[in-house]
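The task is simple: from the sequences and hints, build the whole structure.
Protein chains: 2
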Amino acid sequence: MTTPAWRQALNKSLDSNKHLKYSTFFQIATTRPDGRPANRTVAFRGFMDKTDRLTFTTDTRTQKTKDLNHKDWAEACWYFPDSREQYRLLGHLTLIGKDSSDKELSQERLKAWSECSETNRKWFSGPNPGKPKAETSDADHQDINVRSNEDPPVDSFALAVLDITEVDYVDLLKNVRDRHEPQSSGWNKIPVNP
Amino acid sequence: MTTPAWRQALNKSLDSNKHLKYSTFFQIATTRPDGRPANRTVAFRGFMDKTDRLTFTTDTRTQKTKDLNHKDWAEACWYFPDSREQYRLLGHLTLIGKDSSDKELSQERLKAWSECSETNRKWFSGPNPGKPKAETSDADHQDINVRSNEDPPVDSFALAVLDITEVDYVDLLKNVRDRHEPQSSGWNKIPVNP
Numbered sequence: 001m002t003t004p005a006w007r008q009a010l011n012k013s014l015d016s017n018k019h020l021k022y023s024t025f026f027q028i029a030t031t032r033p034d035g036r037p038a039n040r041t042v043a044f045r046g047f048m049d050k051t052d053r054l055t056f057t058t059d060t061r062t063q064k065t066k067d068l069n070h071k072d073w074a075e076a077c078w079y080f081p082d083s084r085e086q087y088r089l090l091g092h093l094t095l096i097g098k099d100s101s102d103k104e105l106s107q108e109r110l111k112a113w114s115e116c117s118e119t120n121r122k123w124f125s126g127p128n129p130g131k132p133k134a135e136t137s138d139a140d141h142q143d144i145n146v147r148s149n150e151d152p153p154v155d156s157f158a159l160a161v162l163d164i165t166e167v168d169y170v171d172l173l174k175n176v177r178d179r180h181e182p183q184s185s186g187w188n189k190i191p192v193n194p
Numbered sequence: 001m002t003t004p005a006w007r008q009a010l011n012k013s014l015d016s017n018k019h020l021k022y023s024t025f026f027q028i029a030t031t032r033p034d035g036r037p038a039n040r041t042v043a044f045r046g047f048m049d050k051t052d053r054l055t056f057t058t059d060t061r062t063q064k065t066k067d068l069n070h071k072d073w074a075e076a077c078w079y080f081p082d083s084r085e086q087y088r089l090l091g092h093l094t095l096i097g098k099d100s101s102d103k104e105l106s107q108e109r110l111k112a113w114s115e116c117s118e119t120n121r122k123w124f125s126g127p128n129p130g131k132p133k134a135e136t137s138d139a140d141h142q143d144i145n146v147r148s149n150e151d152p153p154v155d156s157f158a159l160a161v162l163d164i165t166e167v168d169y170v171d172l173l174k175n176v177r178d179r180h181e182p183q184s185s186g187w188n189k190i191p192v193n194p
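Protein chains in written order, with full-length UniProt numbering: chain S, 1 to 194; chain B, 1 to 194.
Please note that a few of the clues may not be correct.
Which copy? The list can't say, so a pair holds if one copy fits it or any two copies do.
With a cut-off of at most 25 Å between alpha-carbon atoms, the simulated SDA-like pairs for lysine to any residue come out as follows [stated by the list, open to error]:
| no. | residue 1 | residue 2 |
| --- | --- | --- |
| 1 | 174 | 127 |
| 2 | 71 | 55 |
| 3 | 98 | 174 |
| 4 | 122 | 138 |
Note that these hints are calculated values from the structure, not bench results.
Laid out in structure tokens, this is it:
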């Protein structure tokens, strides 16, 4: 597989910004069922082996699950303030949950769980995110004994997979902007005005 | 006017993170005319005098103008990586352009222009953002002589005003999350699960 130009650039940005603890954080926008946009910060968990499918982990109890059931499009906005580069990655976002029928993706979900930090795993065991505390009962907690990465994931643990269909890259230092669009033979890079 | 609790928190976050050059940057999501989400980074330009209306500047030639003509909702996601705080600010987003009939808002637009840096003003004078370079002609440039902040703004300069209707605040260090909703008598703070 040839590495697309946008991914080569992104790899370079990640490498040159890796000393910054926030460099793996980006914002992912979805569309709510009522058509209004939603936006939140997530942490990059790498690309799936031998693919350009971008991944992060999420809790299926959050609002974004409802958004994606309604409309599976998402746009990631990833800004590197030191190098003043921005990547906008538009694509279809799929959540791989416990009931996924895809064996390969289910394996990826297990792998992502095994790579989670203890803090992260504890997070997923907490009560229903976004639910008012006053309405939260014991039933909203998941198996809080799931602590080891040898245990199976908690039910609400999902791997989010973004299949990217368009990339908008801006380098404000070099005053360069490119739009990347997939073609049958690979990706097409179109220089546009910043 | 009483300062809402979410804004008191935001003021505090801005103050404690002001040594970080990226602390005034956030991501703003809109919904495209076809229903897909869009997401990009913008720079905070303060709240309008004596209001809780959040502002930033933008170029009306960008895609977000089309998005907002179709649906005027937007969600800002503002993450402070050092203090691990996130603000999600949902609201109606209005662009105040050269043809605005609102005198007060037009004045705010002129004020925002006068406060722009020279770099920023030059930016607005450049050719149509996002247009392929190959299709760009002289007609896509604005008056490139507009350099002084005593000159009137270029035509495509707009002040974006976000009228916030819901705030979701998370502090990952303190493990606290609150949803803020407006009520007739002010704002209601609802503690929710992080």
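_Those earlier numbered hints the structure runs against, lowest number first_ = Number 3 - this is the single hint that the structure violates.
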